[in-house]
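Engineer: Here's the letter readout for the chains.
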Amino acid sequence: MKLETHAVTKRYGAHAALDGATLTTGGEARVIALLGPSGGGKSTLLRVLGSLLVPDEGHVSIDTRTLPHDEEGALLERRGNGFVFQGYNLFPHLTALQNITLPLREVHGMGEEQATQRALELLHRLGLAGHEYKRPSQLSGGQQQRAAIARALAPKPRLLLLDEPTSALDPVMTGEVLDVIRELAEAGQSIILATHEISFARKVADWVVFLVAGKVQESSTAVDFFTRPQTELARQYLEGLSKYR
Amino acid sequence: MPVSNARYALYVLVLFALAAAGFYGVFSAVAYPWNWSGVWEYRAQFAYGWLATMGLSLVAMVVSIAFGFLLMLGRRAAWLPVRMFCGSVVEVVRGSPLLVQLLIGHYIIAQALNIDQPLFTGIILLGCFEGAYLAEIFRGAVESISASQLEAARAVGFSKAQTYRFVIIPQALRRALPGTTGQLVSLIKDSSLLSVIGIEELVQKVKIMNAANFAPLEGYLPLALAYLVVTLPLSHLARRLEGRFAYET
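If you read the protein sequences in the order shown, they are chains W and P. Using this note's numbering, the first residue of the first sequence is number 10, and each one after it goes up by one. Using this note's numbering, the first residue of the second sequence is number 6, and each one after it goes up by one.
Same shape as in the complex, but just chain W (with noise of 0.2 Å):
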């Protein structure tokens, strides 16, 4: 897939979360890790990289479409996403099968028996089963995080969008997460991922996009990025994360 962003602003209130961001990737970018300090930009990027968010300024395209900048297109351009969030985001009053089976029956219009079906394949897949019928309290993170992804990718989403998933997680839950999204990026999902995991980063992504401020300092290959950081910012980024681990 090929990512393109010209001059793309989005602001709250008189802060930018992005500022002027421009970027563009390579044709082959498959798996494409968005990396930067807190409060950089990530998050908001990947927002408007899956239709989530609308910019103020600046377009998108991905491939030869441009994202549309009205709230109908936006909606039919992010039901062919799917969003992980770091709070999960689950639905707390519905069970973690139903989480899964709503939005294929009510916005992808499959029936009940299919919609429960693929979702029941999901959840085993996912390492969920026995837990079809819990409510997400009843859920730990790590199993909530995988029930997410799980309804990320029950309507077969075109771009697999995770904002840092494994965040709010203790190190072996960010372990089990980690294992789903590699086994995903091998299967040959699209991805586009915001974290600060970054020899996670480094074994999955083809393609690093490093955010600083609201800007796109750099964009280049994983290969690049890692070993050849053009920038002095992305240096000390790489450094400083590297240090303990």
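Simulated from the structure, these hints should not be mistaken for lab results. Computed from a predicted structure; not experimentally measured. Take these hints with a grain of salt, some might be off.
With a cut-off of at most 25 Å between alpha-carbon atoms, the simulated SDA-like pairs for lysine to any residue come out as follows [claimed, not checked]:
#1 P/K194 with P/L178
#2 W/K143 with P/K194
#3 P/K165 with W/D65
#4 P/K165 with W/E86
#5 W/K143 with P/G248
#6 W/K165 with W/L111
#7 W/K224 with W/S251
#8 P/K165 with W/G96
#9 W/K143 with P/E156
#10 W/K143 with P/S151
#11 P/K165 with W/L62
#12 W/K165 with P/T168
#13 W/K143 with P/F250
#14 W/K165 with P/A166
#15 P/K165 with W/H117
#16 P/K165 with W/M119
#17 W/K212 with W/T236
Given the structure of chain W, go ahead and fit chain P onto it with the hints provided.
Structural biologist: Using the frame of chain W, we list chain P on its own:
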């Protein structure tokens, strides 16, 4: 700490006995001359009034919930004049006495519209009055749904209407339940004011009975019981429903 059923029943008995003793104490202190015979004559009227009160309250509840829901939506509308209008309605209705609203509504507005159905007018006015309170209870519940839930709803591709239906309302329902039940209990009690526009509900019947017997307490005590018979189970039901909807968020 969980308490055994036997102990719970014991507590109920003790509290009930204490209340009864207190009640008996104050009445014997003033040596109230009871006279139940005249009241008994009016039992059929009393029953009629009770049924009327419950029937009109039930309809007014439906009206109040619908009106409250619309006002809540209006206060969250995208267009400012709609928000202003619904906000003003809520404030004016909540801020003025129901008695005045009933009098103006029945003698002025209904007359102007040529509606000569006090029961109809009364139910609508009562429903609107309680609905204004419900609107704020509903709004509080809806606005307590976190931004991350709304984002999740957008992320799975729900439209605005679907977000209300599948995400906001089911979660807000549980949070609104205690306040809503309290308001519906108030509605049943407030329905007593409808007697001022000539509706023959329970209070009106008791007033008629008292006028004939000169035995007001013998009328008003059964009146209080007749309300409690409905309001207490309603509160109990609400607590059970809350338990059923309980899940950690």
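Engineer: Given the hinted pair W/K165 and W/L111, is their alpha-carbon gap at most 25 Å?
Structural biologist: holds, 15 Å
Engineer: Keeping to a limit of 25 Å between CA atoms, is the pair of W/K224 and W/S251 held or broken?
Structural biologist: OK: W/K224 and W/S251 at ~23 Å, within 25 Å.
Engineer: Between the alpha carbons of P/K165 and W/D65, is the straight-line distance 25 Å or under?
Structural biologist: holds, 21 Å
Engineer: Given the hint that W/K165 pairs with P/A166, test it: the Cα-Cα distance must not exceed 25 Å.
Structural biologist: holds, 24 Å
Engineer: Just to be careful, I want the Cα atoms of P/K165 and W/L62 compared with a cutoff of 25 Å; is the pair within it?
Structural biologist: Holds. P/K165 to W/L62 sits at ~15 Å (cutoff 25 Å).
Engineer: Between P/K165 and W/G96, is the straight-line Cα distance small enough, at 25 Å or below?
Structural biologist: Within the cut-off at roughly 22 Å; holds.
Engineer: Given the hinted pair W/K143 and P/K194, is their Cα-Cα distance within 25 Å?
Structural biologist: Violated, because 42 Å separates the two Cα atoms, which is more than 25 Å.
Engineer: Against the 25 Å threshold, does the CA-CA distance of P/K165 and W/E86 hold or violate the hint?
Structural biologist: holds, 15 Å
Engineer: Mind checking the alpha carbons of P/K165 and W/M119 for me, to see if they're no more than 25 Å apart?
Structural biologist: Distance ~20 Å between P/K165 and W/M119 Cα, so the pair holds.
Engineer: Decide if the proposed pair is consistent with the structure: P/K194 and P/L178, CA atoms, cutoff 25 Å inclusive.
Structural biologist: Since the Cα atoms of P/K194 and P/L178 sit roughly 23 Å apart, the hinted pair holds (cutoff 25 Å).
Engineer: Sort out whether P/F250 lies within 25 Å of W/K143, counting only the CA atoms.
Structural biologist: holds, 15 Å
Engineer: Take a quick look at whether W/K143 and P/G248 sit within 25 Å of each other, Cα to Cα.
Structural biologist: holds, 17 Å
Going down the numbered hints, you'll see the structure goes against just number 2.
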